[in-house]
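Student: What follows is the residue order along each chain.
There are 2 protein chains.
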Amino acid sequence: MKEYVIGIDIGGTFTKFGFVDREGNSVAESSSPTDTYDNIDDYLANLVKELKEAEKKLSSPYKIIGIGIGAPNGNYHSGSIEHAPNLKWKGVVPLAKLFGKYYDVPVRLTNDANAAALGEKVYGGAKEMNDFIMITLGTGLGSGIVVNGDLVYGHDGFAGELGHTTVLEGGRQCACGKRGCLETYVSAPGIKRTVFELLADDSTGSELVKYSFEDFDAKYIDEPAKRNDPVAVKAFEITGQILGRKLAESVAHTSPKAIFIFGGLAKSGDLLFKPTKKYFEESLMGIFKNKIDILPSQLMGKSAAVLGSASLIWNELK
Amino acid sequence: MKEYVIGIDIGGTFTKFGFVDREGNSVAESSSPTDTYDNIDDYLANLVKELKEAEKKLSSPYKIIGIGIGAPNGNYHSGSIEHAPNLKWKGVVPLAKLFGKYYDVPVRLTNDANAAALGEKVYGGAKEMNDFIMITLGTGLGSGIVVNGDLVYGHDGFAGELGHTTVLEGGRQCACGKRGCLETYVSAPGIKRTVFELLADDSTGSELVKYSFEDFDAKYIDEPAKRNDPVAVKAFEITGQILGRKLAESVAHTSPKAIFIFGGLAKSGDLLFKPTKKYFEESLMGIFKNKIDILPSQLMGKSAAVLGSASLIWNELK
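So the sequence lines, in the order shown, correspond to chains A and B. In this text, residue positions in the first sequence follow the working numbering: the first is 1, and each later residue adds one. In this text, residue positions in the second sequence follow the working numbering: the first is 1, and each later residue adds one.
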């Protein structure tokens, strides 16, 4: 009988899901709104309705063997979403337990970056690695750390918040309440903030002057950078410098075999990877130099968040 | 039959050892020179002679069940000392293997801070903890990170080098070759450098003006600080600020239940702990605030390095 894990990726606006087999094929994928439900019970009832609908597309016979969920502030230890700033359900939401009303299978929950790290291990470039770090670059900077073959959850389930290590005391205001956090510099909005800082300082001329702050999207700098636009090139240089130096600090903690970069910004390829690697190597202690790879995630282009969430269950069965 | 593990702590000048039982009692302790031997074979032959001599003090019947070694740049994976800057034996020294000529028991090797972390877990304040960090403050800043109940060795055996994360780009020259490393600020020599920087800047008067740089010892600031000497107080404030902020970054990596501080500087008690905790809490992300302890090591005053080294073996048997 074909076995599937339901992989669910809960974002602030949409919830995506798919039925993932042992080999990492995700079928009957669909999505359902997140932010139209003020009440978690209503949200869940609708999500389950959508899941049952999608299930009809699976060829019989099949069996659902578990549910893996990636969610903001998802706590693996408790199976709860705890105080997620970008969700409407406040406080502690015992999501794994609530799912028990509908499905009699194991339900595991963690945050999206941890799920992505597991996905890289189960289905991506980290299959043979016991020690690596996953960095997800999107509207924020998420991270999942794998040590001795296992995800690092920490004593409270919230380990791996590299996006909120400090780049500059008193620096840019972060949504977390602190200032100078890494994700205010290295993320899609972060590189946009850098571009506008550079434009304010620039006197050499840049084609990026035509955008308003609200209309500007981080992906608009790729083409100008390839044409050697000074502001676009410098924005990547600065972003890579900050990221490379910070990753060197993470190496001093857990000494990973590789660091994978996932998400929109990673698609910029060498524009981002080249300066990142340069400053990374420069900042490493001697014993770590020239032996740690910075690589694009091999989940790019796939339903990475859904695969990652499903791998919470598949990884346990390995 | 009484079982012992030989715990060996290899320092640049001396090698200390003891016979450690399951309960953490270290008996027949002694020491032997390290730096008088240019050749590892001569060093080892003499060390084994001293061990056999000390063994005579043990009451029969007894059994040696293993050897645990803490050494600079000790690599757990390979059992070798690799390129230790403060030892005369250059390159890679396969110490665990060399011991095999003399003792037919398991031999484990790691660096001194990792050994201290395991000691805290087996015999000290971390008995019930699966996630914690050990910081050793002496002539350098060492660290051992425990995650999911196990030491973090990293892919190459060298994880846990928090002393070489960067406080300030282009800052103080570190013995590792980099600049601005944490241990150039937070360590016995680090706080001394801070005192002399403050004296150069001070106009309020300090009793510390009477020392030459070469004669000054970090422990000389405790009493003046208690008498509110402005330079001594400020040196602790700055040291605690730098340490507290850096420890908050480590929390963002592995979310430990507690951070233990060990070594000479930790003996300064509240003079160091108070500012460290203040800046630590201030720098933590919201989800980590008010739940992570910074504590003095419970191995203080004991033969911590010997106990820690021995716990490499005892921990495996737990």
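A couple of the hints might just be wrong.
Because identical chains cannot be distinguished in the list, a pair is counted as satisfied if it fits within a single copy or across any two copies.
What the hints assert, rightly or not - Below, a list of computed lysine to aspartate or glutamate pairs in the EDC-like style, where the Cα atoms sit at most 20 Å apart: (1) K257 to D156; (2) K257 to D150; (3) K267 to E55; (4) K234 to D35; (5) K57 to E316; (6) K289 to E82; (7) K257 to E82; (8) K49 to E128; (9) K257 to E197; (10) K63 to D229; (11) K56 to D229; (12) K257 to E282; (13) K90 to E3; (14) K289 to D156; (15) K127 to D35; (16) K2 to D202; (17) K88 to E281; (18) K277 to E169; (19) K127 to D156; (20) K226 to E3; (21) K49 to D150; (22) K97 to D150; (23) K52 to E282; (24) K278 to E169; (25) K88 to D41.
Hints were generated in silico from the structure; no laboratory data involved.
Student: Next step is simple, just say for each hint if it's right about the structure.
Tutor: Okay, the hints, checked on the actual structure:
1. For the identical chains of this complex, K257 and D156 are inter-copy neighbours only, at 8 Å across copies versus 26 Å inside a copy, given an alpha-carbon limit of 20 Å.
2. In the homo-oligomer, the alpha carbons of K257 and D150 lie at most 20 Å apart both inside one protomer (14 Å) and across protomers (18 Å), since each shortest distance falls under that limit.
3. Taking the shortest alpha-carbon separations for K267 and E55, neither the intra-copy value of 33 Å nor the inter-copy value of 63 Å comes in at or below 20 Å.
4. Taking the shortest Cα distances, K234 and D35 never come within 20 Å of each other, neither inside one copy (37 Å) nor across copies (50 Å).
5. Taking CA atoms no more than 20 Å apart as the test, K57 paired with E316 passes in neither setting, with 26 Å inside one copy and 50 Å between copies.
6. Taking identical chains as interchangeable, the C-alpha atoms of K289 and E82 lie at most 20 Å apart only when they sit on different chains, with a minimum of 14 Å there against 38 Å within one chain.
7. Taking the closest pair of Cα atoms, K257 and E82 come within 20 Å of each other only across two copies (18 Å); inside a single copy the shortest separation is 31 Å, beyond that limit.
8. In this homomeric assembly, K49 and E128 never come within 20 Å of each other (Cα to Cα): the closest approach is 38 Å inside a single copy and 44 Å across copies.
9. With identical chains, the CA atoms of K257 and E197 are never at most 20 Å apart, being 35 Å at best within one copy and 39 Å at best between copies.
10. In the homo-oligomer, the alpha carbons of K63 and D229 never lie at most 20 Å apart, since the shortest distance is 54 Å inside one protomer and 72 Å across protomers.
11. In this homomeric assembly, K56 and D229 never come within 20 Å of each other (Cα to Cα): the closest approach is 52 Å inside a single copy and 77 Å across copies.
12. Proximity of K257 to E282 under the C-alpha cut-off of 20 Å is restricted to the intra-copy arrangement: shortest distance 17 Å within a copy versus 32 Å between copies.
13. When the C-alpha separation of K90 and E3 is checked against a cutoff of 20 Å, the pair qualifies neither within a copy, at 34 Å, nor between copies, at 55 Å.
14. In this assembly of identical chains, K289 and D156 lie within 20 Å of each other by CA distance solely across copies; the values are 12 Å between and 32 Å within a copy.
15. When the C-alpha separation of K127 and D35 is checked against a cutoff of 20 Å, the pair qualifies neither within a copy, at 35 Å, nor between copies, at 44 Å.
16. In this homomeric assembly, K2 and D202 never come within 20 Å of each other (Cα to Cα): the closest approach is 59 Å inside a single copy and 75 Å across copies.
17. Taking identical chains as interchangeable, the C-alpha atoms of K88 and E281 are never at most 20 Å apart, the minima being 42 Å within one chain and 28 Å between chains.
18. In this assembly of identical chains, K277 and E169 lie within 20 Å of each other by CA distance solely across copies; the values are 17 Å between and 24 Å within a copy.
19. In the homo-oligomer, the alpha carbons of K127 and D156 lie at most 20 Å apart only across protomers (17 Å), although the nearest pairing inside one protomer, at 27 Å, exceeds that limit.
20. With identical chains, the CA atoms of K226 and E3 are never at most 20 Å apart, being 46 Å at best within one copy and 68 Å at best between copies.
21. In this assembly of identical chains, K49 and D150 lie within 20 Å of each other by CA distance neither inside one copy nor across copies; the values are 34 Å within and 42 Å between.
22. In this assembly of identical chains, K97 and D150 lie within 20 Å of each other by CA distance neither inside one copy nor across copies; the values are 23 Å within and 29 Å between.
23. For the homomeric pair K52 and E282, neither the shortest alpha-carbon distance inside one copy (53 Å) nor that between copies (47 Å) is at most 20 Å.
24. Taking CA atoms no more than 20 Å apart as the test, K278 paired with E169 passes between copies only; the shortest distance there is 15 Å, against 24 Å inside one copy.
25. For the identical chains of this complex, K88 and D41 are intra-copy neighbours only, at 12 Å inside a copy versus 67 Å across copies, given an alpha-carbon limit of 20 Å.
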